[in-house]
Each structure stands twice: as C-alpha cells, then as structure tokens.
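Asks: Please arrange chains B, C and D on chain A, whose structure you already have, making use of the hints.
Chains as they are written, first to last, in my numbering: chain A, 23 to 366; chain B, 23 to 366; chain C, 23 to 366; chain D, 23 to 366.
Which copy is meant is left open, so a pair is good if it fits within one copy or across any two.
Only pairs whose alpha carbons sit at most 16 Å apart, straight line, appear in this in silico EDC-like list of lysine to aspartate or glutamate:
1. 288 with 103
2. 290 with 273
3. 98 with 57
4. 333 with 80
5. 229 with 199
6. 288 with 273
7. 288 with 80
8. 93 with 57
9. 229 with 203
10. 142 with 175
11. 290 with 103
Derived by calculation from the structure, the hints in this document are not laboratory data.
Residue-level listing of the chains:
Number of protein chains: 4
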Amino acid sequence: MIIPRNPRLTPAQLEEVEKIVGEFGCRIQTIVGAERCIYAILGDERHETMMNRLLGLDYVARVDAIDSPYKLMDIKSSLAEGKRQLAGVEIGKEPLFIAGPCTIDPKNPNLFYETAQAVKEAGGHILRGGVWKPRTMPYSYQGDNAALDILLEARARTGLAINTEVMDTDHLRLVLEAGIDVIQIGARNALNYPLLRQIGAQTAGSKTAVLLKRGRPMAPVDEFLAAAEYIVSAGNPKVLLCPRGTLPSMDGYRNHPDESITQLLKAKSWAPVIVDPSHSVGRAAYVPGAALAAMAYGADGFVVETHIDPKSGIGDDPKQSISPAVLATLITDARVIWKLRQKY
Amino acid sequence: MIIPRNPRLTPAQLEEVEKIVGEFGCRIQTIVGAERCIYAILGDERHETMMNRLLGLDYVARVDAIDSPYKLMDIKSSLAEGKRQLAGVEIGKEPLFIAGPCTIDPKNPNLFYETAQAVKEAGGHILRGGVWKPRTMPYSYQGDNAALDILLEARARTGLAINTEVMDTDHLRLVLEAGIDVIQIGARNALNYPLLRQIGAQTAGSKTAVLLKRGRPMAPVDEFLAAAEYIVSAGNPKVLLCPRGTLPSMDGYRNHPDESITQLLKAKSWAPVIVDPSHSVGRAAYVPGAALAAMAYGADGFVVETHIDPKSGIGDDPKQSISPAVLATLITDARVIWKLRQKY
Amino acid sequence: MIIPRNPRLTPAQLEEVEKIVGEFGCRIQTIVGAERCIYAILGDERHETMMNRLLGLDYVARVDAIDSPYKLMDIKSSLAEGKRQLAGVEIGKEPLFIAGPCTIDPKNPNLFYETAQAVKEAGGHILRGGVWKPRTMPYSYQGDNAALDILLEARARTGLAINTEVMDTDHLRLVLEAGIDVIQIGARNALNYPLLRQIGAQTAGSKTAVLLKRGRPMAPVDEFLAAAEYIVSAGNPKVLLCPRGTLPSMDGYRNHPDESITQLLKAKSWAPVIVDPSHSVGRAAYVPGAALAAMAYGADGFVVETHIDPKSGIGDDPKQSISPAVLATLITDARVIWKLRQKY
Amino acid sequence: MIIPRNPRLTPAQLEEVEKIVGEFGCRIQTIVGAERCIYAILGDERHETMMNRLLGLDYVARVDAIDSPYKLMDIKSSLAEGKRQLAGVEIGKEPLFIAGPCTIDPKNPNLFYETAQAVKEAGGHILRGGVWKPRTMPYSYQGDNAALDILLEARARTGLAINTEVMDTDHLRLVLEAGIDVIQIGARNALNYPLLRQIGAQTAGSKTAVLLKRGRPMAPVDEFLAAAEYIVSAGNPKVLLCPRGTLPSMDGYRNHPDESITQLLKAKSWAPVIVDPSHSVGRAAYVPGAALAAMAYGADGFVVETHIDPKSGIGDDPKQSISPAVLATLITDARVIWKLRQKY
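In isolation and in its complexed conformation, chain A is listed as follows (with noise of 0.2 Å):
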C-alpha cells in the first residue's frame, strides 16, 4: 500500500512506480477516494528490495506491507496443522514445564544432580542447564565444555528431556554429538541469522526441538517470527518461541515483562509459546507471579530457573531461582489456570 505525499501521483510518477514493482511481478491497483487516492500492490510484497525503492521516492510518504515477513510461521500455514509432542507432552493438550539452574557449577556437579531429581519430582518436563553463559562483562564466568558432561549424567540418572544455549557453532557441535533434545538460543544470539540457519539445517529431520528467545531489543512479532522463520525454512519445524522480557527496566524488575507477548504471538503463528518469567523479572520473589500471568496470558507452558539451593548457585541463580518446593506448587496453579485460560 502506497501513499503519496500529495493526494495523489502524477501519470510519470505512477508510471515509475509500476515499472519497480513491475520488476518484482506485482501490480499496481489505484484505488480512488474523494480527497485522495492510494495505491495498492497487488501480487507479494515480501520483495525487501521492492519495498526499499518505493520507500526511495522521495514523492512517496509510506508503504505499509499488508503481508506478514514470514509464511511458514504464518498461523494459515501448513505447518499449523499436526500435534506437537516433545518430552511425552503434546503442547495444547497440556502445558510443558521446563526447570532447572540458569549455570551449572562444574566444580559442584551434585548441586545439578539433586535439582534435576527435585525438577522431576515437581512435575518438571525438561531440564534446563546453562553449559556456557554470555556474560555482560568479559570478566564473568563464561561456561565449561565440562559442564555438558554434567548435563548429560544428569538426564542418564532422571530421565528427563535436557535443555541448553548455545552461542556458536563450536557449542553446536558439541550439543548435537551429545544428542541434546531442546537447544536454546539466547536474547542475545536471537537476531544472529547464520546461527539460526545452521541449527535449522543440522537439525533438520531430527527430533531435537528449539527454543528460540525473544530478542533483548523489544523485537516487535514480526521480526521475532521472521527469525524463527530461518530456522524453519532451514528444515526443523519443532520450534518453541520464548518471551523473556525486554529493554533492562529501571524499577525494581530486570527487564520489562512481556508475558502478555504471548496472545499476540498466538494469533499470529502456530507456534507453542513457552515464557521464561526468570530472565523477565529476575527476582525469584516475582518469578511464581510472572510465570502464572504467563499461563494466562495463554502460554503453552514456562521455562523458569530452579536450583535446590539457590543462594550457593553461580550466574543468574541466587537472584532469580526458585526453589524445587515453589515450583511444584507453582506447576500445580498453572495446570488450573493452563485450564480456565482454554475456554476464551
């Protein structure tokens, strides 16, 4: 949809005009009204190139894209038909519940050990673990490689679906030599496309899901499910969208929440959506809070940071885990709301 600065084009510039999207196999339909005309873009407007020259003319004041920047995420797509099963849950029947540290201290690796029984015991689905971390500053703890080995036993010894980030493609490799069933990408990675890419494309055919996380910016929908879109071209359609908060917030939470992302997120895609109320407050006091808007709100299920004894925890732990015992009385509550939220 083209709309000109004056009330409407003169016949060299509408001329122009069909010639660019010409080139792109789309037409141009002029639509009349009493004080001015607009002009529509019949045919598909996700040509960038298209859309960037009509934005060039400088008699031009807006092109508003009518089509969304993905299809496959798209809720109309093929895609959106089908079940959904990861870790014995199939998403939309009932929700999946993700729990474990932010790290793993690979000097302590019983602290894993015994919150991944505890994550169990409390009606955990899968288990999360930080093998490496990015850090704000260069100075933090970054990870260990040995820290999968830990990650590993721990899901030999509970059975249970294991979860972790990757930041590049050498972590990669490591996770899919290890058979990992989620990859997590973080806020920060969330807009690395070749990343994205290669995921998709070595987990292609496979049955190792992705948790794909909000980018830290703000990203507006579009953007974030134009980024899950890489993946899914690429070839592994077992995507999982996660909302973890926004720009940092000046007023007591660590970013802005953004739980209520997920209705929007829902109309639009296919897609389950699992939130992440750890990283959107970042005060275990505002975790149980969150995480209950989350199912409200309509998610599919949280990932929350859980760790036996939070205090004695590294990275993100001893300010945002909760304990085993908050998160089975939290799985409970949101398994009722998951429930009342079905009839809207």
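Replies: Structure of chains B, C and D alone, referenced to chain A:
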C-alpha cells in the same frame, strides 16, 4: 549518594558539597573504598533543590537517591494499617470488580441501564461509565453532562456504586454534587498536579475513593506513587492505583500491557491495585487474558469495559468492551486465580 | 484500509463492513490480490467510532488509517501559508531564541532582572521564567503568584517578550490579564484537552502565541499534532511545537533526547518547531550539544534555561541552566548551523 | 551499595551480607542515617555472582553498582592516552568520514567502482560496502563472497581504506585474509560475545580497526561499552563505537535516532564515536540532518550510505543512500560543525 567523576573529591570540593547539603539539614559521610571514595548524604534526600544543586557540580558524575520521593504512599507508612472498604468489599480479603461501558451514550440511556443490570448480575461491585471523554482528535465526541444523570439513575436502579472520569474542575464540581463513589483520573491527567491536589482536598474526609490511572508515559513506579501522594497528602487516602498500558504499541495491542507492574507497586506501597486490561490491550478478544494475568500478578481487582451490545457503543466500546456473559465467566475465574495467588 | 484475518471477507462480512462505513458517509473498495483481498475505506477516516467499530469485528486483523488525525496542523492546510512573526523575528527567515531561568525565585528578584538583561545581551528574543512549577513531589516548591510581577517587571526593563507555563485555568486568567506574549503548556499537561481548548479559545484573535511541549509519554507525532489541533481549532493558530525529551533515561541524561523528532514534525506540519534541550538532557554540560543538534535537525529555534548564577537558582536551574556567556556563544553558533541547514 | 527493605539490617542479616562480600574480597561499611542505614560495598563490585547473591536476599531492596562494568573502555583507563590514527586521519584532530553503499551488488561491480571513486572525490576517508547482509527475512538477498573481491578491487583502484560487516567466523576468516582495514559488527551481533572475543583476539596487534554498532535493543551505555570491552580485552584497542538508532520507530523514521548518545559515550569512554545516521533515520531525505546533528553532539565522524545511483542499489540503498553530491556538501558542512563543537 554522591559519586564523583574522579576517584575522590578534593578538600575544596568536599567543602562545597558539605555546604550545600548543610543548608538542607543534611550531612556528608565519606566512604573510603580501595580505589575510590563515595559520599553518602545523611538526612532527608527529598529536597529537589539540594539534589539539583549537587547534580549541577561538574565534578559530580551521579547523585543516586536512596529514599523514595513519597512518604504517605510508602509501604512502611502508617497508612498501610487498617481496613480498606469499598462498595461492600474489604480489599485484600476478596477481589474488587468494576465494569461498565467506556462511554455513556446520552442518546441511548437504555443501553446503559441494561448494561448496569448485567454488570450487577455478573458479579461486578462498581459500575463505570464515561460521562466526559478525552479524545485524541478535537472533532470526536467529547462527552455530555446529560450522561451524568444517566449514571446516577443507573445507580438508583441497581444499587451499584459508580465511577466516572473527571478532566477538570468543572467536572469535579458536578460529580461531587452528585455524590460519586469513585472519581477516576485518566492517563492524560495522571500528572496534572493541580487537579490531583484539588481532588484530594475536596474529597478529604469523605467516602469518595479516587482511581488514579498510570500516566500514559510509561511513568516510572516512583513517579506514579508520587502522583498519588498529591491526592493523599491533600487529605484523601482512599486512592486506588490503576495500570492501563503504557506507550502505544505497534504490534496488535493498543498499548504495551503493564499488568506486570502490579508486583512492583505492591512491593513499594500499601495502596490497592485495580488493573484496567481494556485500555491496555485495546481489543475485546485480548481482554480476558490480560484481566486474568493481572490477578496472577497480584492485583486486588480490575476495571473492565463491558457493554450489553458492544458494537452499538460509542467511544472505545465497539473495539474493547466485552459482553456481560464474558464478564461473568471472567469474574468467576478471576476469583479462582486471586485465591491461588494469596499463597505466594 | 481493512485487513481481514482470512484471505478474504465472506459476503456477509463484507455487507456488515459496508453498513458500518456507510453510516459515516464512507464506502468500501475491494482490492483483489493474488492471495488475498484488502478493503479500502473511501471517504474521511477521521471518525474514531467508525474505526473502533471496524476494529471490534473479530474477522478483522488490522485497520490502518491513511489520513492523519488532524486537519489544520497538516502541512497541506491553508495555515501553511503566510508569515509567522514573533518577538520581531520572522520565523523561517531567521532562528528564534528563548532563554531564561527554569524558575523565578520570588525572594531574589534581582537574580531574575540581571538574567533578563544578560539574555537580551546574548541575543535572546524572548525571556522565559517559571512562575508556577509542576514538581514530582508534593512537598517541593510549587511556585508563587508574586513571581508573575517579577516577570512583568523584567519585560518592562528589557523590552523582551515573555513566556511562562500555565497549569490550570487560574494561571491562565492571570497571565492573560498580564498580557503574556507566549503561554507555555508543559509536558504533563500536553494532553490535557480541556485546558488546550480553553487556551486556544481565550487567545483567539490575540497576538499571544502558545508553546506546546511534547507529552512526556514519547507521544507519537500524530498525537502531538492532534493535541496542537485542539488549540488551533479553538481559534489560535500561533502555536509552537516544543520537543523536550521523552521517557526518563537511565543513562546519564534526564530524558531520552528527542531533538531528532524535528525532522518528522517538519515533514508533516507547517508549525514552527522550537526545541527545549534543557529538559531533554537535564545537565548544563550537555545542553549546548543538544541545542546545536536541534538546529542541525532543522529546528526554527530553541528555548534554553539560562541563569546569571545557576547554582543560586531554584527549580532545575542548578543542574541544567547554562550561563549567559555560554548562551551568547551558543546563539552565534546556532545561527551558523541554522544557515547551513537551509540548503538541504 | 546495599539498600535494605527495612530501615536497617538485623545483626544476623548484616553478618550474612558480610560473609558474602568477604568471599569476593570486599568489605561492608555501614552508613548510619537519621531514619535508615545503608551499606556500602568496599572493593571491586564487578563480581556478577556477588551482586546476584546480594540481590537474592529477600531483605535487600536494591543493590546499586557504583563501578562501571568495564575497565579498559573507561575514560580513566590508560588507553585514553595516545594518538588514534585511522586511514590517514588522526581522530580527535579532524573528523573521519566513512561512506559507500549498503550492499555491494555482485552483478553490477561498476556501480560500486564508480561509487568508490565518487566517495573519494567527496572527501571520504574509508569506503564501506556490504558483502554479507543480515536480513529480516530468510528469503531476501543474504550476500555473496564474490562481493569481497569487488571491495578489494575498489580499494586497489582508489587507495581508500575499506570496511565491511562480518556475521560469523567464516566471514571473519575471509576478511582477515583480505587484509580488511575496518571490520564492522552489526547491531544484531552487537552482543554476540564469542564473535566479539574472536575478532578482538584475531586482530590483536594488527592495524585492523573494529566498528562496533550499538545493539538494536536500545542497549544501555554501560552494556554497549562492556561489549566493546570484549574486543579490547581480547587484544585490540582500535575500537570505534557506532550508534545507529534503537527500537523500530512508528513515526516515519526507521529507528529511534540515537545520535544524542554520543555525548554520554564521550563522558564515559575515550573511544571514538562514529555515528551511522543512515540506519538511524532510514530515509535519504533525513540523513543529512541526522549526520550534522551527530557532529553537533560531538561525534568524531560518521558512516553514511552513499550510492552513485541509489535507486539501482540493492539492500537498503534505494531508500537510505544519499548521492555523492549530497555527501560532498555534507562533509564540508560537517567539518564546520565539528570545528564549532570543539569549543564546548
């Protein structure tokens, strides 16, 4: 807390700083660290001029306030004690529900009377209805004094308490004469301090409550509570805090939902939080999710736009009012979540 | 422009849509694309109720407005013609400079008189000075009617035109009696529509100009211009648009600087843009950079806080007022940049 | 600085706090105020785990950091000394200008060669040109290794230094083999710490500079500088900070312009600031205003998209590239403003 640009203040700088804070009855305590010194202000930091003068010193990098900019609204103030009763509800013992149309249509009073009756049957405690409306465009409907009579008549017919927005002192005089139960201050006037002060003073000692919306600005928590302090310090402690979404949103919602701010308000203040999900999300289909999320975040209740026939409404009703049937279900479910939430 | 959720509306849906827009004198034109249809609204989209009713249809995904929500402020309106003269300056032919303290200290009138004289000598055209002040905390200094006499006396002594902020109708009455030259509306009242309307009506046909600050909210351009439309449509076209920073900033500035919005305002409206860098950045050391940047973005002038002895000032002066010496240099440099800017 | 929820810590709480900070070599100093105590942390606060553990205590309301989360980037670090020479320009003695197309079209190398020549004639110092491009949609043009040869050929023909963006380690290897002069890290990878670290390490001791864009997120100043610290601490201090707009904007710009952040970066760090106005505003007509504003805010130079024939370009060129003629004028004017700015 004064943080200097250099590792420490010179003796002359320190003397200047001490002189400034001394004028306001404060003292400086130097904190000697390994690499730098910082300077604590002992006494009451709530002197804006003192803080501004410190910030004006070019050798000062930051001045961090420790105290909050309000006293009566603070969770530690003596106002935190005591029961808060409104429309027969003891707030904190059970949730409070306010519902009704965005705008009363003075040409169709029966639509309002029927809605009022339906709100009562659905379990609402207070009836809302806009008499005057702040509209973005000067050419849109701006309200009508005649609608106040309709609101009063609905109270007489149903026995429900009533709530409407005032935008200036003329409105205020009229609603006080009418014995309004709850005066609403909208987002656009949320920092209109002369109006806040007048409302506080003119309702001092009365039974009238004041529902203060959060400023559209993404007002920080402290600024929101300081605005409420204007009302309370002028004489009326019956203030209700009402988040209603912040910046306009690009993504399908009307505003950025801020139901989540409830937890922060509760951590800092004793005041009841009554969330407005209708203005937050701005479309009827998204309202129940947001209303239930508000309860999950710990709200004391909600105010939700409801209309017996939304598409016949004026103002925002056609897009964001829910039907009385949805309201009834929502109130039932909200009670369940409110109860679950008490355990955290 | 109506974008349906499904690729096209059913005949019954189309009929409903046509009926709604028909009530407001509009028609629908269907645009048939390869994969989907969209529906243009022919006629005047500035009916909020029509747009709300369309948004209320559950089969409608989006309703995009093509028209701006204002008429008189539009760059195409007939108001764009004609000269704009203020304080001896023809706006658009040379830049306009407003300067003076944040707040007039009624206990020290000489500080104000000396500042006024210094503003004149530095090349300022209009003298600003706060008589009444909106303050975050109810316990801070709120202004004093006596300061108005000091402002008038300074005008008498220097011959400079004068500018002050009004917050309510009592203030308005007083400044109109005093024959103020420029009435300022602050960020907190920037969407206080009853006040805007009254100011527009009571200054209709007079020589008084109105300096309207941008709402603190990060008010979108259209909302800012629509607020100005309240003043202009009530009778006074002598409106000046004043960006002054938006959301509070965490990063060392007082607010997020928005000098850049100047270019967008200029693209959409004929109204002069007078930027306030003092409230934008909030510290004297950053003011010159922001003031010069405003000129580079194409502003018609600036309003900058200046004080003969900033550290003796009250209000924001100690932190953000520049000295008259800096003002003089700044005005000289601003003229250079203003001139360079005309060629683009 | 620890601010407790209650007016003071109990002895047991204080002991726990002292124990935690003691593990990291810090001590606590109690500051006894009239109404409350606060607790200063003496020692190095840059231990994320220590800060997280303190935040995890439920009797702690806030933990304010005094130190910045970087050392080498700090304006007080020894790196602030010494000359910074790039492409024949001594930064700080005269402004630096980078220009060229958004994206090199491998099918039309002559367009690039002609643009390169025109950039040189307009007074540019470094030639930019995108070889690989992060695009929102996976279906858009993503770049081509062949474009790197074109870039190198343009360097050979003009003698200009060259700059291009890398998105992963494959790109990095190729540009290092080619002896690139300036490596660009785009907004989407601005917090991709493994990549930042690798670039820093692999260019350690070389003449290669690194242009680090500000993260799209509205990255806070400290996070931006901490990201640069990854590069510098890995061995390469030749880092250039590049603001390029933040959140997507609704209002006619592509992003929210952030030229203003220049002043904050300059107050905290010694690193040169080279602003990108093209991505900030996103339309050619707005670029000169933003580029000149950047100089007014104190930038050391700019990087601006320029194309010999913008409408023939690919990538963002058609909408945001300026012509070489505009570039030439812009560089002349920028030199004037740069010079004016030095006096403040």
